[in-house]
Amino acid sequence: MGVKPTQPSQREGLKQMQVYKNKMDQQKIQNKKTSLPPLGGGGTAIKENSMILQKDMLAKQFNELSRAKELGKKVVYTFVPGNLTELILSFDLLPVYPEINALQSGMRKKSAAYIRDAEKTGHSEDVCTYVKCDIGMMLNGNIGPTGEKLPDPDLLLLSYTGCFTFLKWFENLERLYPGVPVAMLHTPYQEDGKITDEMVQYMVRQLETEVIPKMEMVSGKKFDKSRLSEMMKNSAKAEDLLVKVLESAKRKPTPIDAYFAGVYYIGPIFTAFRGTEAAVDYYTELWNEVQERINLGLGPVTPEGELNEEKYRLVVEGPPNWTHFREFWKIFYDIGAVIVASTYTKVGGVYDLGFRHNPSGPLESLSEYCMGCYTNLNLPQRVSLIEKYVKDYSADGFLINSVKSCNSFSAGQLMIMRQIEQRTGIPVGFIESDLVDPRYFSYANIKNRLESYFQMLEQRKIIMTQGV
Amino acid sequence: MEPLNRIIEKSKHLSFDLNYTYSKQWKSADTSRILVGYLPIYFPREIVHAANGLAVGIFGVGDRKQIIRGDAYYQSYICHLPRGVIEMALDGSLDKFDGFVFPAICDCIRNLSGMFKLEQKGKFQRYFDYPQNFDLSIGGEFYIQEMKHIIGDMSGINRVQVTDENLIRSIRLFNINRRFIEEIYNIRQEYPWRLSAVETYYILRAGTSLPVEEHNEILKQVIDHLQNERGEPMDNIRIVVTGSFCEQPPIGLIKSIEMAGCYIVDDDFMLGSRLIQGNINSDTGNPLSALADAYINQSAFSSCYYDVGNPKGKRLVELVKKRNADGVIFSAASFCDPALLDRPQMQKECDIAGIPHINFQFHENTGQFKVIKEQAGTFSDSIKLWA
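These protein sequence lines map, in sequence, to chains Z and E. Count along the first sequence starting at 1, add 23, and that's the number in my numbering. Count along the second sequence starting at 1, add 4, and that's the number in my numbering.
These are calculated hints, taken from the structure and not from any lab test. As the structure is a computational prediction, the values presented were derived from the model and not from experiment. Possibly wrong hints are sitting among the right ones.
As the list claims (entries may be wrong) - With a cut-off of at most 20 Å between alpha-carbon atoms, the simulated EDC-like pairs for lysine to aspartate or glutamate come out as follows:
no.: 1; chain 1: E; residue 1: K352; chain 2: Z; residue 2: D140
no.: 2; chain 1: E; residue 1: K316; chain 2: E; residue 2: D287
no.: 3; chain 1: Z; residue 1: K267; chain 2: Z; residue 2: E71
no.: 4; chain 1: E; residue 1: K14; chain 2: E; residue 2: D95
no.: 5; chain 1: Z; residue 1: K273; chain 2: Z; residue 2: E332
no.: 6; chain 1: Z; residue 1: K248; chain 2: Z; residue 2: E387
no.: 7; chain 1: E; residue 1: K152; chain 2: Z; residue 2: E221
no.: 8; chain 1: E; residue 1: K152; chain 2: Z; residue 2: D215
no.: 9; chain 1: E; residue 1: K152; chain 2: Z; residue 2: D140
no.: 10; chain 1: E; residue 1: K127; chain 2: Z; residue 2: D215
no.: 11; chain 1: E; residue 1: K31; chain 2: E; residue 2: D139
no.: 12; chain 1: E; residue 1: K352; chain 2: Z; residue 2: E327
no.: 13; chain 1: Z; residue 1: K273; chain 2: Z; residue 2: D263
no.: 14; chain 1: Z; residue 1: K143; chain 2: E; residue 2: D355
no.: 15; chain 1: Z; residue 1: K217; chain 2: E; residue 2: E145
no.: 16; chain 1: Z; residue 1: K237; chain 2: E; residue 2: D139
no.: 17; chain 1: E; residue 1: K352; chain 2: Z; residue 2: E148
As the list claims (entries may be wrong) - Distance windows between CB atoms, simulated:
no.: 18; chain 1: E; residue 1: K127; chain 2: Z; residue 2: R441; range: 52 to 58 Å
no.: 19; chain 1: Z; residue 1: L162; chain 2: E; residue 2: G371; range: 33 to 39 Å
no.: 20; chain 1: Z; residue 1: S475; chain 2: E; residue 2: R10; range: 31 to 37 Å
no.: 21; chain 1: Z; residue 1: S475; chain 2: E; residue 2: N9; range: 54 to 60 Å
no.: 22; chain 1: E; residue 1: D228; chain 2: Z; residue 2: R446; range: 56 to 62 Å
no.: 23; chain 1: E; residue 1: K318; chain 2: Z; residue 2: D79; range: 44 to 50 Å
no.: 24; chain 1: E; residue 1: E13; chain 2: Z; residue 2: T232; range: 50 to 56 Å
Claimed, not checked - A few chain E residues that don't get close to chain Z, going by computed Cβ distances all over 12 Å:
no.: 25; residue: A33
no.: 26; residue: G96
no.: 27; residue: L116
no.: 28; residue: R130
no.: 29; residue: H153
no.: 30; residue: F184
no.: 31; residue: N190
no.: 32; residue: G317
no.: 33; residue: R327
no.: 34; residue: G331
Where a beta carbon is used, it is the ideal one built from N, C-alpha and C, also for glycine.
Chain E on its own, in the form it takes in the complex (with noise of 0.2 Å):
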């Protein structure tokens, strides 16, 4: 077993490796494999799996790049996360990119992937435009047919044939996946001080870059560090972070609110990846039914979709309540619409729900985190003091 100091350091490297080295060796190694970017939030990687592809996530290029031309292409009042794409599609880090997947999750991004059709950039750019009907013979037949879409797209590319054998050894792989990060996050629960959320990020950012086997292979060594102690538990409080689900937050913000006396124990910055709760229907002779089946009805919920029926505020309560946390923490991106506009009602059920909560906005880029974290602290301390 590699120490778990290593896997975080190599996770560490994969997570911010904007040049996508990795995925580019791996798709390097056969002529038949692709890669295909994926846009935040979600997106079935299942299928691209079952292709003989990697969907690698693209999430920005945070404090890591400096926006040279990316800033030409936005207005000052355009959140900062499409800036770096298009740096990254101009200056050549995604050429080795076969196709792009921008979901349905706000305007700048569906417009981003316009720009991309403009550009040229790889052999296909697709808008997933996710379902706002949540009934399965109506909703669930057009995410099935958004599918088709793009395993067409990928077929044209390499030839590759998804059958539903394929697609069924894919959903299993990420159930796995999606079972052994939710058992980290599990144990974090329980012992949040033997893996920061720094550390847990890294290590789930990884796994956008690298194939499903070899990320489940990792984070099954992690789990098994995790059975035993590592680092020393501190008088801090527990508190949950949401809002930060598509631009990422930089790392120096999440490690403030760590600093300040926070443990995170639950967050969505990655949470495309865990966006399916619990194991997608695998005995089946359908699995793109089943797919898409696992969005309409095992969701998490996200400002992406639409909440009326069942309440994001609400969720979040359920949220903070399983997690025995003390306390919510909204940290949005700004000029973030859907996170943004969230963001009064949602606070508005943790008051109704006795929840402490502040708030702040950041860019991916922000570089001063001294006022952040003295309001994490101030926070951290009123409950500790008051609550």
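The shape of chain Z in the complex, shown without the other chains (with noise of 0.2 Å):
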């Protein structure tokens, strides 16, 4: 695909243009040097600051991880949706993820035999991948992403949040690490579309009374409001940054991918470092360099290379497939095809909507935003959700990637599918696979239903262009 020659001011564009290539080429160089895996794994591919910024960040989480019995450190297993990482590193608690680590997994390809092996002990081949993953990856040594083991868990921090296979997940673990402590930290679904004040205080009690005595009682150390609210408003600032590198996909073209490339955005700010300065640094980053894509008016960055042509813009519903995923998104990239939006990278919050953590009533603000993230909204808020979003980000369809996994973001969804069509009046799209399970993915099946999708996007543009 060529370049599209889009720039205001001719002469200075081209130059700044110049000046922005040598700049990836010099930062190519580096990524060899330091052996880096592009994003999505394999093959040579741009690497912006921020990348490199994540992948050091990781790695130092996933060292001290390692070495946490050596360093005296104690460890929480917990979720992303609805998760707790201000109040975990407030105790100087070192949170681990398993549905982080069966993506990896996934991604890494190792998934497959994990899966395997927990069927092998009687988990039915129907249910939840992540959690046979997990489960297959405790089984054979808990080895993380970095190829190092992963310390057993201090405390399992159950905040089940709109996702009822959590509780079950963590009921299977607490069998496998007899004698840790759980706390469970019961998120109210959002079922009514609002949260309310009774909800907030139901929180906010188990707080009090069941989370916190835990984590006390694990750490030996006393819960301090001031240093949590002091990490929350790094919260709130990585917070806004955040919004406004994926609010940037409502220009034209958009200079990111907020779906492939927004699940690395969303990493470290729905995991261990939101409420760190180092999540600060990450997002100012990030920002930064969305802000020089924008003058530039350059496209969104994969591991193809940049996208130049932009020629659909998609609304995307559910998670990707984790297993396929650079195949996955390279036949978007193929087409030309570029996420302007999407509901996943919502399930550590929904921050575009305006909720920010809020250091002066902490507890009351992390019981919020529990209660405020993707997959604990209810049918109709997701919908109006996706309706907005298909509208703001001027998308010309939506399209839903349906797991077998998640009956959470799952069920319901071919409503949903309908739903956007009679309100938008934009082609729907809906392709099936998995998170982690490779039996699911069927690369050809899903090129196939994509090409037909596209094929519907360009027959309704040359419609709308006609006037037809």
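Dock chain one against chain two, each of which comes alone in its own frame, and use the hints as you go.
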């Protein structure tokens, strides 16, 4: 695909672009020197500073985890949606997120064997593959993404938000780690489409009587509310920056891909770094890079290179497939389709609707955060959010990647699809895969369906252009 | 007293009348009456009764209705129950219902509540969030709030105020209901041939579409009948069936297990009607608290409750011992995450306790039972010959 000449001031624009390209070439050389895997894994790809920063943050985190026992650090296993990262860090505890381990295993092509091993212990083929992958990984020595062993948990923090399977998952882990205390935090579902005072109070009381005392017991430290508040200031800063990054996709062309690249952008804030200065630094750098791309009128960075021609703008619902992540992304790249908004990048917080962690009422704020995560929204809220995305981001189409493993996302998606079609009139598409079970990713089938869908988008474009 | 066979036939008809004719007739007799449909597993029906309503169990369509539109709402990897419920919602079977309650059992049922909201079925659609915090002052309070929302929804329709007095009366009626059901199970423990598992199933399920007063009368008559000998004792093994608490197994499956030489001495088919064990305190000035207390402290084990501190596997073993059962059949609906994710740990507890077990999966509309019958038959033979 050729470069689209979209610069406002021709000569100055070309000069800027050349400077930018030189910088990226330098970066590629640097990447080769440091042997960093590219976005999506495999091949040679563009590396921006933010990517390197994130890579370093993760390497440091996993290194610290592998040395947790010798460093005298206690470890908390918990989940991404409705995570209490600031609270965990305020006790100097180290968080581990089993879903992240599972998706990493998927990307590293290890999940198939892990799932098989879990099924050998009696788990049905029908159930969530994140759970089976995680259990299989533990049965195989609990080796993390960096090849180092992950430490056993000192606390299992079940922040039960937006996914019933989380509850079953930790009941299973509790049996695998007998004697390890479990702190249960039940997040009420937004069944009525709102967060009420009584829901907040229910959560705050659980934090005060169940979660915090167990963290105090495990860490040997007293709860420090002011420290938690301080961290939340950083959270809010990073959240502001993330929203700017995600909303940059409203531009044409979009400087980012809000789904495939989006999963990298949400990495630090959805996991172990929210509330830290490192996260603020990361998002500052990321936002600077995005601004630079905006100034240059450039499209998103992908593992295949820059997307130079934006043919279709899509909103996507549902998690990606991790076992064939890059192949999956490439199907979109090859056709010039870019994701301008996605719901998956909201599972750890729908910040673009305005929520920010609030230092002045930290426990209340954490509660509201948990209840506001995407999978804790009811179906009418989800439909409204997607409809808003379609309109705000000028999308040409809406696509659902329905994953077998995640009923929280998947049950009701066909109705969501109909609703969006009725409300917006744009073409909708539906494909099926899984999170980390490669048996449920059929490349040919998915490619076929996507190609048909893209043809439909093309046809509509022609019709719209002709004003029919 | 009505003959037992006629009671069973009537119950069978009520259980599978997917137009809920009897419930609708009951409603039409009085303009202040309301119908509230509820999904599995458990829901405190007392609050509906106290609001001059009838809580009607919506447990899927089984193999009794062809799914035409429902399949278009669900992917192949979602369990069968919700597609049948959607089918009923779309074909008018649920039209006279005033509201729907979706207890917190899994993400499918949870999202089904949103689908009913989007389709605007009934005057209210409530997801009933079970607290997973079992401190009465925290989880119990939350449970009370959840009940109050539904009470508010109902009074908004028929203007009936749920008074403490009415609620206590309802609790007492449902206490009788629970006691009678338990008595039937106790009689069956001694004399399982007197009432088959299928017949028991009909009698219990009928109670989810009848006023509790009428169901109590049926149960009372059944208990009286069971004082007399009926049927012939067989050389069967005694088993507990677990895992079928939400999507209901087809009758053919229950029958196949029995015909394969197994007395089902306990099960979780109609768990909602048996979830609260023992009486709910009715000598109280705060009946909502009593209902919450019962949920927190008197619930049977189930896959929809967080069980750390009170593991289901151990409770299953206790049940097997209490019922003097020879083994366990794990029978879960396909794609049922709660039941299937519990299964390995529960099997492990059975292994530790030396309790033999087998497992299989079903859909509510499974039509072929030969394999299941062979599996259950082999299980029965192996216990009879070698245990």
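Verification of the supplied hints:
no. : hint                        : in the structure
1   : E:K352 / Z:D140             : 16 Å, holds
2   : E:K316 / E:D287             : 31 Å, violated
3   : Z:K267 / Z:E71              : 18 Å, holds
4   : E:K14 / E:D95               : 25 Å, violated
5   : Z:K273 / Z:E332             : 16 Å, holds
6   : Z:K248 / Z:E387             : 12 Å, holds
7   : E:K152 / Z:E221             : 12 Å, holds
8   : E:K152 / Z:D215             : 14 Å, holds
9   : E:K152 / Z:D140             : 46 Å, violated
10  : E:K127 / Z:D215             : 14 Å, holds
11  : E:K31 / E:D139              : 38 Å, violated
12  : E:K352 / Z:E327             : 48 Å, violated
13  : Z:K273 / Z:D263             : 16 Å, holds
14  : Z:K143 / E:D355             : 16 Å, holds
15  : Z:K217 / E:E145             : 19 Å, holds
16  : Z:K237 / E:D139             : 15 Å, holds
17  : E:K352 / Z:E148             : 18 Å, holds
18  : E:K127 / Z:R441: 52 to 58 Å : 23 Å, violated
19  : Z:L162 / E:G371: 33 to 39 Å : 37 Å, holds
20  : Z:S475 / E:R10: 31 to 37 Å  : 58 Å, violated
21  : Z:S475 / E:N9: 54 to 60 Å   : 58 Å, holds
22  : E:D228 / Z:R446: 56 to 62 Å : 59 Å, holds
23  : E:K318 / Z:D79: 44 to 50 Å  : 47 Å, holds
24  : E:E13 / Z:T232: 50 to 56 Å  : 53 Å, holds
25  : A33                         : 32 Å, holds
26  : G96                         : 18 Å, holds
27  : L116                        : 7 Å, violated
28  : R130                        : 7 Å, violated
29  : H153                        : 8 Å, violated
30  : F184                        : 32 Å, holds
31  : N190                        : 30 Å, holds
32  : G317                        : 9 Å, violated
33  : R327                        : 23 Å, holds
34  : G331                        : 16 Å, holds
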